[in-house]
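Use these hints to put chain U onto chain P, whose structure you have.
2 protein chains.
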Amino acid sequence: MKIGIIGATGMTGKALYNEAINRGHDVTGFVRNETRGKDVLGSDAQLIVEDAFAITGTQLDQFDVVIDAFANHTEPEQNLDVLTHLIHQTRHHDVRMFFILGAGPLLQEDGSYVYDFLKTLPDAAAWVDEPRYGVTELQVLLSTRDVNWTAISAQNEYTEGPKTEYVLGKDHLMHASDGKSHVTSGNLAGAVMDEIEQPQFKMARFTVSDK
Amino acid sequence: MKIGIIGATGMTGKALYNEAINRGHDVTGFVRNETRGKDVLGSDAQLIVEDAFAITGTQLDQFDVVIDAFANHTEPEQNLDVLTHLIHQTRHHDVRMFFILGAGPLLQEDGSYVYDFLKTLPDAAAWVDEPRYGVTELQVLLSTRDVNWTAISAQNEYTEGPKTEYVLGKDHLMHASDGKSHVTSGNLAGAVMDEIEQPQFKMARFTVSDK
Numbered sequence: 001m002k003i004g005i006i007g008a009t010g011m012t013g014k015a016l017y018n019e020a021i022n023r024g025h026d027v028t029g030f031v032r033n034e035t036r037g038k039d040v041l042g043s044d045a046q047l048i049v050e051d052a053f054a055i056t057g058t059q060l061d062q063f064d065v066v067i068d069a070f071a072n073h074t075e076p077e078q079n080l081d082v083l084t085h086l087i088h089q090t091r092h093h094d095v096r097m098f099f100i101l102g103a104g105p106l107l108q109e110d111g112s113y114v115y116d117f118l119k120t121l122p123d124a125a126a127w128v129d130e131p132r133y134g135v136t137e138l139q140v141l142l143s144t145r146d147v148n149w150t151a152i153s154a155q156n157e158y159t160e161g162p163k164t165e166y167v168l169g170k171d172h173l174m175h176a177s178d179g180k181s182h183v184t185s186g187n188l189a190g191a192v193m194d195e196i197e198q199p200q201f202k203m204a205r206f207t208v209s210d211k
Numbered sequence: 001m002k003i004g005i006i007g008a009t010g011m012t013g014k015a016l017y018n019e020a021i022n023r024g025h026d027v028t029g030f031v032r033n034e035t036r037g038k039d040v041l042g043s044d045a046q047l048i049v050e051d052a053f054a055i056t057g058t059q060l061d062q063f064d065v066v067i068d069a070f071a072n073h074t075e076p077e078q079n080l081d082v083l084t085h086l087i088h089q090t091r092h093h094d095v096r097m098f099f100i101l102g103a104g105p106l107l108q109e110d111g112s113y114v115y116d117f118l119k120t121l122p123d124a125a126a127w128v129d130e131p132r133y134g135v136t137e138l139q140v141l142l143s144t145r146d147v148n149w150t151a152i153s154a155q156n157e158y159t160e161g162p163k164t165e166y167v168l169g170k171d172h173l174m175h176a177s178d179g180k181s182h183v184t185s186g187n188l189a190g191a192v193m194d195e196i197e198q199p200q201f202k203m204a205r206f207t208v209s210d211k
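Chains as they are written, first to last, in our numbering: chain P, 1 to 211; chain U, 1 to 211.
Heads up, a few of these hints could be off.
Which copy is meant is left open, so a pair is good if it fits within one copy or across any two.
Claimed, not checked - Taking lysine-lysine and the BS3-like style, the derived pairs with C-alpha atoms no more than 27 Å apart in a straight line are:
#  : residue 1 : residue 2
1  : K119      : K202
2  : K170      : K119
3  : K202      : K170
4  : K211      : K2
5  : K2        : K14
6  : K202      : K14
7  : K38       : K202
8  : K38       : K163
9  : K180      : K38
10 : K14       : K170
11 : K180      : K163
12 : K2        : K180
13 : K119      : K163
No lab work stands behind these hints: they were computed from the structure. Here the structure is a predicted model, which is why all the values come from computation and not from measurement.
Only chain P is shown next, with the shape it has when bound in the complex (with noise of 0.2 Å):
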C-alpha cells in the first residue's frame, strides 16, 4: 500500500517507517527537514518537505494510507492544531487517516479518563498538558464522521524499543505481564501496520500493549 507518515523522523514515525518498508510498502515520510529525514530515515528515503499546518487534502489523495505521527511534547496544543488541520483536510476524501494518541484519553476500570488520574500526581503540572490534549483529540476525533479515521492509543509508558509480542485493546487502559502499563514503539508500529493491512477498527480507537 502508498503509506504517508506525517512526523515521520519522531520516534513514532521512524518505528512506522521502518516497520511499512519491512512489510514491502510504498512508504513516504512528511519531514520538515530534508537533512534530518535522510539522516533519520536514511538516504534512499521517499521525503515530502512540508510543514504539517500546509500539507493539504488534495496532497494526501495520493495515499491510501497517512499516519499522523506528529508529536510535539514541549507544545501538545500543536498535536491538537495539526489533528484538527488534517481532519479538515481530508473531510469526504478518501484517503484513511490513522491518529497516534497517548495514554490519557484511555479509559480507567470506572470509565474515567487516565489523564484524570494523571493530573493528580504530584509533579504533574510539569507534563499533563500533553495527555490533556489528548484528550481533546479523542473528542475531536470522536465527533467525526467525515474521515475514514482510526486513532491507537500508546500506554503510560511509552518507550523507543523493539517490536517483540503485543497485546491490543480497545478503550481501556491495558497492563502487560509484569502488571505496568507499557509499549513500545515497535510494537505500536506493528499492530498499527496490522490494522492498515486488516482493518478492525473503522472510525473508532483501539490500543496496543507489550505482552
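Showing chain U alone in chain P's frame:
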C-alpha cells in the same frame, strides 16, 4: 474598541455588527463576498474580504476583540474547523477571541448536554450534527489555556429579532418568562457587547435568554 467580526453577514454577525456600531465601536466585518457585505452591513461598512481559513493571528492582532460568528448550518463541521483554525492562529496572542455557540453544548439539569436530549428527538438526524459539533467546539475551548477566549451559547430557539430585555446564565439551559428556551439575535448581541465592554467570563462560556 476595535472589534472584528468573522461571518459578519450571517444572522448573528449582522446583529453584532449593528449593536457594536450603535455603541460607537470601530467595527470591521470579515466577509467572503464584498458585494454581499455592503448589501447586508451598508455601503460604508469596513470590510476585510477573506476566507475564514486564510485568516492569520497576525491579521487579528490589530483588533482588541474578534468575534467568530461564522455559522454554516448545512456543513456544521466547518463551524468546528473555523474555531480550531482561529484557536491555532491566536495561541499566545493578546487579541480577545469571542465564540458564538448554540444551545447543544449547554447543560441540562442532570448535567448532561442539551445535545444528549436533542439527539433523541424523532427528526434529529436531519439537524443534530450542528449541536453535536457544538459540543466538540466547547470541548476544544475548555482545553484551551493559551488563548484569551470567551464563548456564549444561544438557547434552543435562536431567531432573528430585536434587542429587548435579557438575562444572563452560565452553563445551563435557561427558560424565559413564558417557560420556553429562546433568545433573539438582538439580545445575544447585547449580551456579547456587554461582556466585551465589561468582561466577567474570561476563559469561560456563558449564556443569555430573553427575559
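Right, here's what the structure says about each hint:
1. K119 with K202: between (30 Å within a copy, 23 Å between copies)
2. K170 with K119: Both: 22 Å inside a chain and 25 Å across chains, each within 27 Å.
3. K202 with K170: The answer is within: 12 Å in one copy meets 27 Å, while 37 Å across copies does not.
4. K211 with K2: neither (29 Å within a copy, 59 Å between copies)
5. K2 with K14: within (16 Å within a copy, 47 Å between copies)
6. K202 with K14: For K202 and K14, only the intra-copy Cα distance (24 Å) is at most 27 Å; the inter-copy one is 41 Å.
7. K38 with K202: neither (33 Å within a copy, 46 Å between copies)
8. K38 with K163: within (23 Å within a copy, 62 Å between copies)
9. K180 with K38: This pair counts as neither: shortest intra-copy Cα distance 35 Å, inter-copy 63 Å.
10. K14 with K170: Classified as within: same-chain Cα gap 24 Å, cross-chain 47 Å, threshold 27 Å.
11. K180 with K163: For K180 and K163, only the intra-copy Cα distance (18 Å) is at most 27 Å; the inter-copy one is 59 Å.
12. K2 with K180: neither (35 Å within a copy, 55 Å between copies)
13. K119 with K163: Neither. Shortest intra-copy (30 Å) and inter-copy (44 Å) distances fail the 27 Å Cα cut-off.
The structure fails hints 4, 7, 9, 12 and 13 (numbered hints given earlier, in ascending order).
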